[in-house]
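Asker: Chain A is already provided as a structure; the job is to place chain B on it using the hints.
Protein chains in written order, with my numbering: chain A, 1 to 270; chain B, 1 to 312.
Just so you know, these hints were derived from the structure itself, not from any lab. Being a predicted model, the structure only gives us computed values, none of them experimental. All C-beta atoms in this analysis are idealised placements derived from N, C-alpha and C, irrespective of residue type, glycine included. Treat the hints with caution; some may be incorrect.
No more than 27 Å apart at the CA atoms, straight line, and that leaves these computed lysine-lysine pairs for DSSO-like [to be verified]:
| hint | chain 1 | residue 1 | chain 2 | residue 2 |
| --- | --- | --- | --- | --- |
| 1 | B | K304 | A | K107 |
| 2 | B | K214 | B | K304 |
| 3 | A | K190 | A | K163 |
| 4 | A | K190 | B | K35 |
| 5 | A | K221 | A | K152 |
| 6 | A | K234 | A | K221 |
| 7 | A | K107 | B | K66 |
| 8 | A | K190 | A | K221 |
| 9 | B | K66 | A | K152 |
| 10 | A | K234 | A | K190 |
| 11 | B | K214 | A | K107 |
| 12 | B | K214 | A | K190 |
| 13 | A | K221 | B | K35 |
| 14 | A | K152 | A | K163 |
To give a feel for the contact side, a few chain A residues facing chain B, derived at Cβ under 10 Å [claimed, not checked]:
| hint | residue |
| --- | --- |
| 15 | V64 |
| 16 | L127 |
| 17 | T128 |
| 18 | G177 |
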Amino acid sequence: MAVAEQQPLPPLARPAESRVPTVIVDDVHIVYTVYGAGTGKGSATAALSRMLSKKRRSTNVRRVHAVRGVSFTAYRGEAVGIIGSNGSGKSTLLKAIAGLLPVESGKIYTDGQPSLLGVNAAMMNDLTGATNVVLGGLAMGMTREEIRARYKGIVDFSGINEKGDFISLPMRTYSSGMSARLRFSIAAAKNHDVLMIDEALATGDRAFQRRSEARIQELRKEAGTVFLVSHNNKSIRDTCDRVVWVEHGVMRMDGPTEEVLTAYEEHTGK
Amino acid sequence: MSTVSETTHNGAVAVGAPPVPSDDAGLSPAQLAAKYGLTVSGARPGLLEYTRLLWGRRHFINEFAKARTAAQYTQARLGQLWQVMTPLLNAAVYYLIFGLLIGTSRGVDNFIAFLVTGVFIFTFTQSSVLAGVRAISGNLGLIRALHFPRASMPIAFTLMQLQQLLMSMFVLIAIVLMTGEVPDASWLLAIPALAVQFVFNTGLALIVARLGSKMTDLAQLMPFLLRTWMYMSGVMYSISKLTATAPPAVRIFLDVNPAAIYIDLMRFSLIDSVTSAQMPNHVWALAVVWAVLVGVGGYIYFWKAEESYGRG
Chain A
1 MAVAEQQPLP PLARPAESRV PTVIVDDVHI VYTVYGAGTG KGSATAALSR MLSKKRRSTN
61 VRRVHAVRGV SFTAYRGEAV GIIGSNGSGK STLLKAIAGL LPVESGKIYT DGQPSLLGVN
121 AAMMNDLTGA TNVVLGGLAM GMTREEIRAR YKGIVDFSGI NEKGDFISLP MRTYSSGMSA
181 RLRFSIAAAK NHDVLMIDEA LATGDRAFQR RSEARIQELR KEAGTVFLVS HNNKSIRDTC
241 DRVVWVEHGV MRMDGPTEEV LTAYEEHTGK
Chain B
1 MSTVSETTHN GAVAVGAPPV PSDDAGLSPA QLAAKYGLTV SGARPGLLEY TRLLWGRRHF
61 INEFAKARTA AQYTQARLGQ LWQVMTPLLN AAVYYLIFGL LIGTSRGVDN FIAFLVTGVF
121 IFTFTQSSVL AGVRAISGNL GLIRALHFPR ASMPIAFTLM QLQQLLMSMF VLIAIVLMTG
181 EVPDASWLLA IPALAVQFVF NTGLALIVAR LGSKMTDLAQ LMPFLLRTWM YMSGVMYSIS
241 KLTATAPPAV RIFLDVNPAA IYIDLMRFSL IDSVTSAQMP NHVWALAVVW AVLVGVGGYI
301 YFWKAEESYG RG
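Just chain A, with the same shape it has in the complex (with noise of 0.2 Å):
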């Protein structure tokens, strides 16, 4: 694992600019266990069994390292795509930044708390829009008055009223899009000292997509992290100013959008 060892910081480049870290990932490990893997046989029976037989367990226990040895330092203003194949281990390195997966071992510092926006980060469906901005606010630490401030904005840039008023519906009849609009406009709308977008934009149309990639850029130049995992090279281009490309959980290559992504174009073929 020539990875591991070779970076626990990366090489002395451009010293003149004051840098001030706000991710540091260091030689991390992630390995995840799956219960009840092994059979595969999800009766009655069959837990029972499972339960009889608790000594030897290992038989229905299987560990799946997902990250090994990643480690990388992220910069304030930076904003950091993540690319790879389906299953090569971005989300779970993301989750775990967001301290949602505990790691195997290794550590992960952080400049605050960084939020995570997934494709699956529902909210509660049975509320309306409107209560979901400001359950949503309150619970990322607004007070009363800055979401009564900021109300009008988050819901015009959400989009969701264009077709009608659509945000005094229950969010369960939101079609995926519009609820993905809706989360990364709750969630952006506060700054974040770091902030991580999992494929969330992906179900957006475009004009939210630009929406969505100027804010962005508003938020890391109020001194903020973003990270941003995307199959959409296009929209890592347009948001991102450095690369990390993550390959069966080892990270092959850390650099400057333009060169990272041309590798990984060549590497998959396009």
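Answerer: Only chain B this time, still in chain A's reference frame:
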């Protein structure tokens, strides 16, 4: 095509690695993190810091409880009316079975008020526990999407049950008045009685929320445990009458049951014929001790696993 062997042999190629300030170059990741005040991701804050964070989310807790209560019956045609109908129908069912068919009422004055008080007060604890079990496991989407002290969830769900109980209290007071009770100063005791019960329920919800987040089977098991608890708590019979001839051990066991204590306190405050003679000794002290013990203990127990909620 990339294979594992290819990846591991080639290793990563770092091109144009990002610049670092020259004086940071020699630092290890841990030292660098310490220098810029970075913290380990997902670490659990200290108890005081956690409490401070939780207090900062008080509006969220309140709004969440309000929004959920409002959304609860949106699928039903009668809507919010069910908030009153549900306890009323519950009371009617128990009255039919235990009052008319079995006739437990023998020996209890004003059995209707006695029974309805018991049902409503026990339901408050029961529904807090049932909501608490699913407070974490049923809201993983929200928990994984946003960062907030997780104790907000069980507390918000207990608050919801309190709002529901306050609706039921109007029904209760109406029933109690109809059965001929006269409002007096002792009715004011209902407020502290509810306050201590709320603290107790919150602690209990926190405990089962942590248990339920790991053992998902608990949500299936809980209704049976709660029903057993209800039958032991003197909801539809008078414990003091039942235990008059019982051995002291049984009597003490039934008397220190917190649910029975909170039910007794409410009956004492609302119903004239329930006098302090029928209540166990030091009943107020026991009520407060239970609330503090379970409230504080549950809070600490929940906080201990704060970093593990929503993981995996």
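Asker: Each hint should be assessed against the structure and marked as holding or not.
Answerer: Here is how each hint holds up against the structure:
1. Between the alpha carbons of K304/B and K107/A the distance comes to roughly 21 Å, so the proposed pair stays at or under 27 Å and holds.
2. Under the criterion of a C-alpha separation no larger than 27 Å, the hint pairing K214/B with K304/B is consistent with the structure, at around 14 Å.
3. Using a Cα cut-off of 27 Å, the hinted pair K190/A and K163/A holds, with the two alpha carbons roughly 26 Å apart.
4. Note on K190/A and K35/B: the hinted pairing holds, with a Cα-Cα distance of about 26 Å set against a maximum of 27 Å.
5. Distance restraint check for K221/A and K152/A: the Cα-Cα separation of roughly 23 Å lies within the 27 Å cut-off, and the hinted pair is therefore satisfied.
6. Among the hinted pairs, K234/A with K221/A is consistent with the structure: their alpha-carbon atoms are about 21 Å apart, no more than 27 Å.
7. Pair hint K107/A plus K66/B does not hold up; C-alpha atoms about 40 Å apart against a cutoff of 27 Å.
8. For the hint pairing K190/A with K221/A, the CA-to-CA distance comes to about 14 Å; that is within 27 Å, so the pair holds.
9. A threshold of 27 Å between alpha carbons decides the hint, and for K66/B with K152/A the separation of about 22 Å falls inside it, so the pair holds.
10. Taken as a hint, the K234/A and K190/A pair is honoured in the structure, with Cα atoms around 26 Å apart against an allowance of 27 Å.
11. Between K214/B and K107/A, the direct Cα distance comes to roughly 25 Å. Compliance with the 27 Å bound is thereby established for this hinted pair.
12. Simply put, K214/B and K190/A have alpha-carbon atoms about 32 Å apart, too far for the 27 Å limit, and the pair is violated.
13. Between K221/A and K35/B the CA atoms are separated by roughly 23 Å; this keeps the pair inside 27 Å, and the hint holds.
14. Distance check on the hinted pair: K152/A and K163/A sit about 16 Å apart at the alpha-carbon level, within 27 Å; holds.
15. The restraint placing V64/A at the interface with chain B is violated, with a minimum CB-CB distance near 12 Å, outside the 10 Å limit.
16. Of the supplied interface hints, the one on L127/A holds, with its beta-carbon coming within about 5 Å of a beta-carbon of chain B, less than 10 Å.
17. Proximity of T128/A to chain B holds as hinted, the smallest CB-CB distance being about 8 Å (cut-off 10 Å).
18. For G177/A, the shortest C-beta to C-beta distance to chain B is roughly 17 Å, which exceeds 10 Å, and the interface hint is violated.
Hint check: violations occur at hints 7, 12, 15, 18; the rest are consistent with the structure.
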